[in-house]
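Counting in my numbering, the sequence shown runs from 2 upward without gaps.
Warning: the hint list may mix true and false statements.
Computed spacing ranges between beta-carbons, pair by pair [stated by the list, open to error]: (1) LYS23 to LEU126: 16 to 22 Å; (2) LEU54 to LEU152: 40 to 46 Å; (3) VAL115 to HIS28: 38 to 44 Å; (4) LEU152 to GLY48: 23 to 29 Å; (5) LEU54 to ASP161: 38 to 44 Å; (6) LEU58 to VAL115: 34 to 40 Å; (7) VAL119 to PRO62: 34 to 40 Å.
In case anyone wonders, no lab produced these hints; they're calculated from the structure. None of the values given here were measured: they were computed from a predicted structure. Virtual Cβ for every residue (Gly too), placed ideally from N, Cα, C.
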Amino acid sequence: MVHITTGAVGLILFWIPTIGKKGSPTHRKFGMLFSRLMMVTASMAIGMASTTLLAPLDTHPKQVALNWPQSRIEGIFGWMMLYLAILTIQLVWHGVVTIRNKKHHLANRHWGNVALNVFTIFAALVCAYRGWLIDEGLMMAFSIVGVASGLTNLWFIYTDEPRRIAYQLEHVKAIVGSGISVYTAFMAFGFVRLSPGQALNPRMWAIPLVVGLVIIIYHQARIRIAFMRHRQGSASATA
Numbered sequence: 002m003v004h005i006t007t008g009a010v011g012l013i014l015f016w017i018p019t020i021g022k023k024g025s026p027t028h029r030k031f032g033m034l035f036s037r038l039m040m041v042t043a044s045m046a047i048g049m050a051s052t053t054l055l056a057p058l059d060t061h062p063k064q065v066a067l068n069w070p071q072s073r074i075e076g077i078f079g080w081m082m083l084y085l086a087i088l089t090i091q092l093v094w095h096g097v098v099t100i101r102n103k104k105h106h107l108a109n110r111h112w113g114n115v116a117l118n119v120f121t122i123f124a125a126l127v128c129a130y131r132g133w134l135i136d137e138g139l140m141m142a143f144s145i146v147g148v149a150s151g152l153t154n155l156w157f158i159y160t161d162e163p164r165r166i167a168y169q170l171e172h173v174k175a176i177v178g179s180g181i182s183v184y185t186a187f188m189a190f191g192f193v194r195l196s197p198g199q200a201l202n203p204r205m206w207a208i209p210l211v212v213g214l215v216i217i218i219y220h221q222a223r224i225r226i227a228f229m230r231h232r233q234g235s236a237s238a239t240a
């Protein structure tokens, strides 16, 4: 119940900083609230996934009644949910610290921050491997997101002198990415209960990904355009 409540409220609040004026008090207030709710939601999901891996048949009697094999229950509700929860934590954390450390870039190389990204890549590879064992293409496909996220985050972390706008670009990528991750989990695992036949339909899983990518591309383009105009204005002023 806590997992559903914090997740649902967080996904509604997600749109306030996403649509609202960037950098405003409202943006910061609701952005931080969203981040905290996602941390709670993802932490609860880790517990739920762990319970599934310990006792898959007892934890999901509805799927047993629908003749789901134990391996599939473990794969979808165990390994994949665990991976998505870890990915969400990693994205939220990266989105917060990139803004917090924009004047102290070396702080991003804290061992805990680096370890979280490495662990996310590992979790993604485990999810892909478990998906390969049960021939579940969705698990293998979505593992690509975690690998890409971890590698690009590490690239940013170990870049000696990122451009000034890099922190904003990383913030947008990570926070919106966390929204994609949680919306994907909510739609997927929700449809398992509401419409089992459509639960693993790739189209349903693709909706949050496509919408999220459009939002990321739009906001990153807006940041780049604003930065270019600022540089042009500064160059004109000094000419």
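Results of checking the hints against the structure:
1. LYS23 to LEU126: 16 to 22 Å: Since the Cβ atoms of LYS23 and LEU126 sit about 34 Å apart, the hinted range of 16 to 22 Å is violated.
2. LEU54 to LEU152: 40 to 46 Å: With a Cβ separation near 26 Å, LEU54 and LEU152 fall outside 40 to 46 Å, so the hint is violated.
3. VAL115 to HIS28: 38 to 44 Å: Because 28 Å falls outside the window, the suggested range is violated.
4. LEU152 to GLY48: 23 to 29 Å: 28 Å, holds
5. LEU54 to ASP161: 38 to 44 Å: Holds, at about 41 Å.
6. LEU58 to VAL115: 34 to 40 Å: 38 Å, holds
7. VAL119 to PRO62: 34 to 40 Å: 36 Å, holds
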